[in-house]
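Starting from the known structure of chain A, arrange chain B on it as the hints suggest.
First to last, the protein sequences are chains A and B.
First residue of the first sequence: 1, per my numbering; consecutive thereafter.
First residue of the second sequence: 1, per my numbering; consecutive thereafter.
If you're looking for bench data, these hints aren't it; they were derived computationally from the structure.
Accuracy of the hints is not assured; some may be wrong.
Which chain B residues face chain A? A few, computed with CB under 7 Å, are given here [what the hints assert, rightly or not]:
# : residue
1 : Thr51
2 : Ile57
3 : Ile58
4 : Val61
5 : Pro179
Coverage of chain A stretches by chain B, computed from C-beta distances (three or more under 8 Å per stretch; other residues unrestricted) [stated by the list, open to error]:
# : segment
6 : 149 to 155
7 : 158 to 165
8 : 171 to 181
From the three backbone atoms N, C-alpha and C, an ideal C-beta is built for every residue, glycine too.
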Amino acid sequence: MRRRAHTQRLLASDSGVTIELVIGAIKAVVIVLLVLGLTTLMLWFERKGSALIQDRIGANRADIFGLGKRLGMPNFGVINTVLADPIKMFTKEDFVPDGADRFLHGLAPFLALFPVIITFAVVPMGDILKIGKYEIDLQPANLNVAALYVLATIGIGVYGIALGGWASNNRWALLGGIRASAQMISYEIAMGLAIIAVVVTYGTLDLQQMCRAQGGVWFGFLPRWGILLQPVSFLLLLISGMAESKRVPFDLPEGESELVAGYFTEYSGGKQAVFMMTDFAEVLLVAVLITVFFFGGWQVPWLYRDGFHFPGGAAWLLPNLAVAILQFVAFWIKVIILSCLQILIRWTLPRLRYDQLMRLGWKGLVPLGLLNLVATAFVVVAAGGK
Amino acid sequence: MPQWLFAFLAALAIIGALGTILQRNLVHCVLGFALVLIDLGVLYMGLGAVTVGFLQIIVYVGAIMVLFLFVIWLLNIQADTGVRGGASLSLKLVGALAAAALAAELFVVFSHAPKLREVRTIAPAFGSVATLAHVLFSRYLIAFETTSLLLLAAIVGAVALARRLAGQSAEVAAMPSQPGSAARESRREVA
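Just chain A, with the same shape it has in the complex (with noise of 0.2 Å):
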């Protein structure tokens, strides 16, 4: 009897919820094909990016019936990166060494990928769309303690590089793997510094509220933005999130030189693939990171919910869905310029050696992300708090 009546109610509200389903469902899947088609895109920036910095000429061979030459167009290397050698990857055959664990090989690349993925789950896009009577926040899921959220599936990210290094039946993945773990856990700290030191400050755990808190200006025309507000913090969360995605100058776990790939030695094919887009995910991820803490999120400078107002006192009125796209458009540029950053420092800087990287995370980040939680707490106090 309560039972039926209960689901009475339900059906009563049935339309709304159905209603909010299908909204969170849209923005599930948009911030997902957004990650992986951005993610692609920072494949293709590496690869041309690098042999420019390089001085080489990068792909360039795959041609669509050599329609490209027909039409007399210089080849960019897009299909390249886009059709030829995804297909090629994933066609190849997924090899798994004599002695390997069999299952554990299998799970270790997306044990890598999943939680990279799922964190972008709290990520904010913009602030609210009006959609007739609905008002869609343009973050996929609201949690307002998102910033722990963070750390969480970070946390849960060494698993698979770990595992994957140990399954592999292989010494220098084996190698790889503890080396990746160990730099992940220690870099993690410094991470975690830089973050809480951003969640003092902003007296809040929700990334929405933190993109708010960061809208208006300073003396009439300098943008509200975290970086100047916590600039150590800044370099802190930048230096270790790029140690997190394990790239030069922190690739030391997959060590081309000593290594032969380090955790990924033993993977071939579309594993390997997914090992590959992990990386890359991370970096987007990082660069995420540091938009929301950093550089506002969605804020566009002197844009408001109703339009700019610039610093002379002039205003331009925009209505609603013009703003949303302006802010979403804003924060994936952000992004974007972010990645780009860390592709160039990474086709710029040599290795470390493994002494200096952990002498760097132990005795260089911590202490100083450290300082700047305790300076920073002290000025919170001081001002007031929250």
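Showing chain B alone in chain A's frame:
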């Protein structure tokens, strides 16, 4: 939390716990344990303690279980070395005593717990960071600070021990065992 979700998570936790104690390969055991800990974190969140749930995953799954993996690899513990049915009598006795003590404790706790029908609804702020921090820094302040002092002492002790060991001659550590280590060793002997 809907009842089917609780049932699913509970079943998953039991499977993980069984995996922890029944598998022969220690790395698989650690993974079973990690599954249990993630599952507990999700259960906390479902019951309203969201902050504690995430902290559980960050601390236990993100840090402590990785250290377990490290210890297994660095101590080079071989798989399949478990004693097969031949545990000593004293081990069995101690195990039985510990299990009985745990069962008695669970019985006492559950017999004092409020009946399911009498459980009050929880306050909306329950489990939030602010509530948790308020409780930690007022009611349990002394316990909290004592624990942090204890942890600090443990860290200093660990550093002191590691430093003394580093002064002595370092032995070259053997490579940790991997899934196919045993077969590889035997092949080497044949060759």
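Evaluated hints:
1. The interface hint given for Thr51 of chain B is met, as the beta carbon of that residue sits about 6 Å from the closest beta carbon of chain A, less than 7 Å.
2. For Ile57 of chain B, the shortest C-beta to C-beta distance to chain A is roughly 4 Å, which falls under 7 Å, so the interface hint holds.
3. A hinted interface residue such as Ile58 of chain B counts as satisfied when its beta carbon comes closer than 7 Å to some beta carbon of chain A; here the least separation is about 5 Å, so the hint holds.
4. Using the Cβ-Cβ criterion of 7 Å, the hint placing Val61 of chain B at the interface with chain A is satisfied: the shortest such distance is roughly 6 Å.
5. Against a cut-off of 7 Å between C-beta atoms, the interface hint on Pro179 of chain B holds, since the closest Cβ of chain A lies about 4 Å away.
6. With a cut-off of 8 Å between beta carbons, the segment 149 to 155 of chain A has 5 residues touching chain B; three or more are needed, and the interface restraint holds.
7. Under the rule that three or more residues need a Cβ within less than 8 Å of chain B, the assignment of the segment 158 to 165 of chain A holds, with 4 such residues.
8. Residues of the segment 171 to 181 of chain A with a Cβ under 8 Å from some Cβ of chain B number 4, which satisfies the need for three, so the listed coverage holds.
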